[in-house]
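Work the whole structure out from these sequences, hints included.
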Amino acid sequence: MKKNEVPQDKSNLESANFKELCYAVDENGEYTTELSTGWSPKTIALNNAIEALNERISASKQRVKDHKVSPLEYYMELHKMDLPILASYVGIWKWRVKRHFRPAVFKNLNNKTLQKYADVFDITIEELQRTDL
Amino acid sequence: MEIDFKHKQAAHCENGVVANLMTYNGFTVSEPMVFGIGSGLLFTYIPFLKVNHAPVVSYRAMPGIIFTRFATRVGIKIKREKFRNAQTAKDRLDENLQRNNPVGLQVGVYNLPYFPDEYRFHFNAHNMVVYGKRDGIYLISDPVMETVTSLTEKELEKVRFAKGAFAPKGHIYYPTAFPEQLQLEKAIIKGIKHTCRDMLAPVPVVGVKGIRKIAKLIRKWPKAKGTKIANHYLGQIVRMQEEIGTGGGGFRYIYAAFLQEAGKLLTNNQLLELSKEMTLIGDQWRDFAVEASRIYKNRSNSVAVDQYDHVATLLEDIANKEEVFFKKLKKAI
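The listed protein sequences derive, respectively, from chains V and E.
Per full-length UniProt numbering, the very first residue in the first sequence carries number 1; after that it's consecutive.
Per full-length UniProt numbering, the very first residue in the second sequence carries number 1; after that it's consecutive.
Honestly, the hints are just simulated from the structure, not real lab data.
A virtual CB, placed ideally from N, CA and C, is assigned to each residue, including glycine.
Mixed in with the good hints there might be a few duds.
Calculated lysine-lysine pairs in the BS3-like style (CA-CA distance at most 25 Å, straight line) [what the hints assert, rightly or not]:
id, chain 1, residue 1, chain 2, residue 2
1, V, LYS80, V, LYS94
2, E, LYS6, V, LYS19
3, E, LYS327, E, LYS264
4, E, LYS209, E, LYS327
5, V, LYS112, E, LYS169
6, E, LYS158, E, LYS90
7, E, LYS209, E, LYS321
8, V, LYS61, E, LYS228
9, E, LYS169, E, LYS50
10, E, LYS158, E, LYS133
11, V, LYS107, V, LYS94
12, V, LYS112, E, LYS154
13, E, LYS8, V, LYS2
14, E, LYS8, V, LYS19
15, V, LYS10, E, LYS297
16, E, LYS276, E, LYS328
17, E, LYS327, E, LYS190
18, V, LYS80, E, LYS154
19, E, LYS169, V, LYS94
20, V, LYS80, E, LYS228
21, V, LYS116, E, LYS154
22, E, LYS276, V, LYS2
23, E, LYS169, E, LYS154
24, E, LYS169, V, LYS116
Computed footprint of chain V on chain E, listed as stretches where at least three residues anywhere in the stretch have a Cβ under 8 Å from a Cβ of chain V [said to hold, decoys possible]:
id, segment
25, 230–243
26, 246–258
27, 289–295
Here it is in structure tokens:
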């Protein structure tokens with residue numbers, strides 16, 4: 001990549017006034033660095049990933065409303081987590097967290113366990129228990 | 001207290017932290033040099049693991065290992081500490097700052113407030129330097145940022161104790177002992193040999209063979225998983241390759257910069273030639289990203305299977321080129 005070819009496309013970096021460093025070759029063939037504002041192929045990839053996440057979040061929201069899963073699953077998706085990440089944040093085994101996704105099991109959780117989840121998601125127990133998201 | 005620390009932006013966080021810490025201690029080393037000596041370049045596909053619901057490929061060595069290798073090869077000693085308890089972790093950090101010792105920190109990205117929202121994923125192998133504390137606010141030099149920034153005590157604790165894969169556990173590290181003079185020549189040769197060995201390893205998921213493996217998988221995905229998931233997977237590969245920290249082209253440009261610097265230092269013209277070749281290989285990786293983005297531009301649209309075949313062929317071509325390249329590089333030193 002030549003220095004003048006370092007892409008300066010519009011990207012999500014702009015909002016945070018953020019530029020990234022790229023390595024490129026100058027006119028004399030010497031390596032140097034240049035700041036880049038972004039590059040379309042990866043902006044598209046990132047936007048797609050975010051869109052996929054949002055779809056997962058809204059699908060989960062619907063499942064909570066239909067009482068198919070507990071709100072835990074929704075908050076997990078909302079925080080871009082998956083099961084192993086959530087399990088390690090709350091310090092509860094994966095299979096138990098998965099079990100807590102069942103509305104019937106979730107209903108009977110004690111306050112101590114609920115508080116652990118609430119702390120991770122930075123909300124109150126009452127908010128965590130609401131199913132009308 | 002505030003330590004007189006010079007912040008220099010880098011492409012990749014770990015190399016950047018090492019280069020900045022070395023500069024602080026009076027040894028000027030460039031980012032590519034750290035990357036090359038630490039044998040940072042790699043390609044691996046990590047089977048059975050999924051991040052963001054997609055398979056994981058990596059274009060560089062495991063987090064932390066670049067610094068470890070760099071340190072042993074140039075003869076500096078590093079101290080690393082991990083903590084169970086957040087309070088001890090904080091105390092130890094404050095102690096070091098009290099002693100005017102800037103330290104490297106491993107942190108999770110998800111809770112970093114100065115990162116754009118879109119970039120805040122659960123990625124735990126980010127690195128930064130803490131170089132001071134003023135009124136309870138930590139002064140941070142994050143190598144991927146243009147300028148220095150700061151974090152409150154609570155914010156810093158949160159990112160130091162992020163959970164999930166590669167959980168940092170408050171990990172801090174800093175160099176403790178230096179040789180009188182940095183002997184780069186031998187270290188460069190060791191670093192290059194190691195990279196050649198990795199890239200040509202007879203392991204199906206590593207190096208050149210790993211690239212071929214991914215090419216094969218790309219051919220399979222549209223049929224086996226449907227185009228929507230296949231596109232998501234393809235997007236993830238490109239993100240790993242081009243995301244902040246790679247310097248472009250899946251670290252290939254940084255490596256080319258290293259070869260150029262090494263060639264001059266060792267007065268080895270072959271390395272200079274190979275640096276040019278590596279740049280071309282980097283360009284090919286970029287071409288692959290462009291072609292792949294044509295496919296995943298429309299997320300759910302059904303794309304003809306032969307388009308996947310086309311990008312897979314591009315990857316196989318890169319694999320062939322890299323195989324020849326690393327065989328030549330091995331002989332050149």
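Against the structure, the hints come out as follows:
1. LYS80(V) - LYS94(V): This hinted pair holds, its Cα atoms lying about 17 Å apart.
2. LYS6(E) - LYS19(V): holds (19 Å)
3. LYS327(E) - LYS264(E): At roughly 21 Å apart (the allowed maximum being 25 Å), LYS264(E) and LYS327(E) satisfy the hint.
4. LYS209(E) - LYS327(E): Holds. LYS209(E) to LYS327(E) sits at ~14 Å (cutoff 25 Å).
5. LYS112(V) - LYS169(E): holds (24 Å)
6. LYS158(E) - LYS90(E): Status holds; Cα separation ~11 Å.
7. LYS209(E) - LYS321(E): holds (12 Å)
8. LYS61(V) - LYS228(E): holds (21 Å)
9. LYS169(E) - LYS50(E): Holds - the C-alpha atoms of LYS50(E) and LYS169(E) are around 22 Å apart, at most 25 Å.
10. LYS158(E) - LYS133(E): holds (17 Å)
11. LYS107(V) - LYS94(V): holds (18 Å)
12. LYS112(V) - LYS154(E): holds (23 Å)
13. LYS8(E) - LYS2(V): holds (22 Å)
14. LYS8(E) - LYS19(V): holds (13 Å)
15. LYS10(V) - LYS297(E): holds (16 Å)
16. LYS276(E) - LYS328(E): holds (13 Å)
17. LYS327(E) - LYS190(E): OK: LYS327(E) and LYS190(E) at ~15 Å, within 25 Å.
18. LYS80(V) - LYS154(E): Answer holds: LYS80(V) to LYS154(E) is near 21 Å, not above 25 Å.
19. LYS169(E) - LYS94(V): The hint holds at about 20 Å.
20. LYS80(V) - LYS228(E): Since the Cα atoms of LYS80(V) and LYS228(E) sit roughly 19 Å apart, the hinted pair holds (cutoff 25 Å).
21. LYS116(V) - LYS154(E): Cα-Cα ~18 Å, so holds.
22. LYS276(E) - LYS2(V): holds (11 Å)
23. LYS169(E) - LYS154(E): Status holds; Cα separation ~15 Å.
24. LYS169(E) - LYS116(V): holds (19 Å)
25. 230–243: holds (count 8)
26. 246–258: holds (count 7)
27. 289–295: holds (count 4)
The structure fails none of the hints (numbered hints given earlier).
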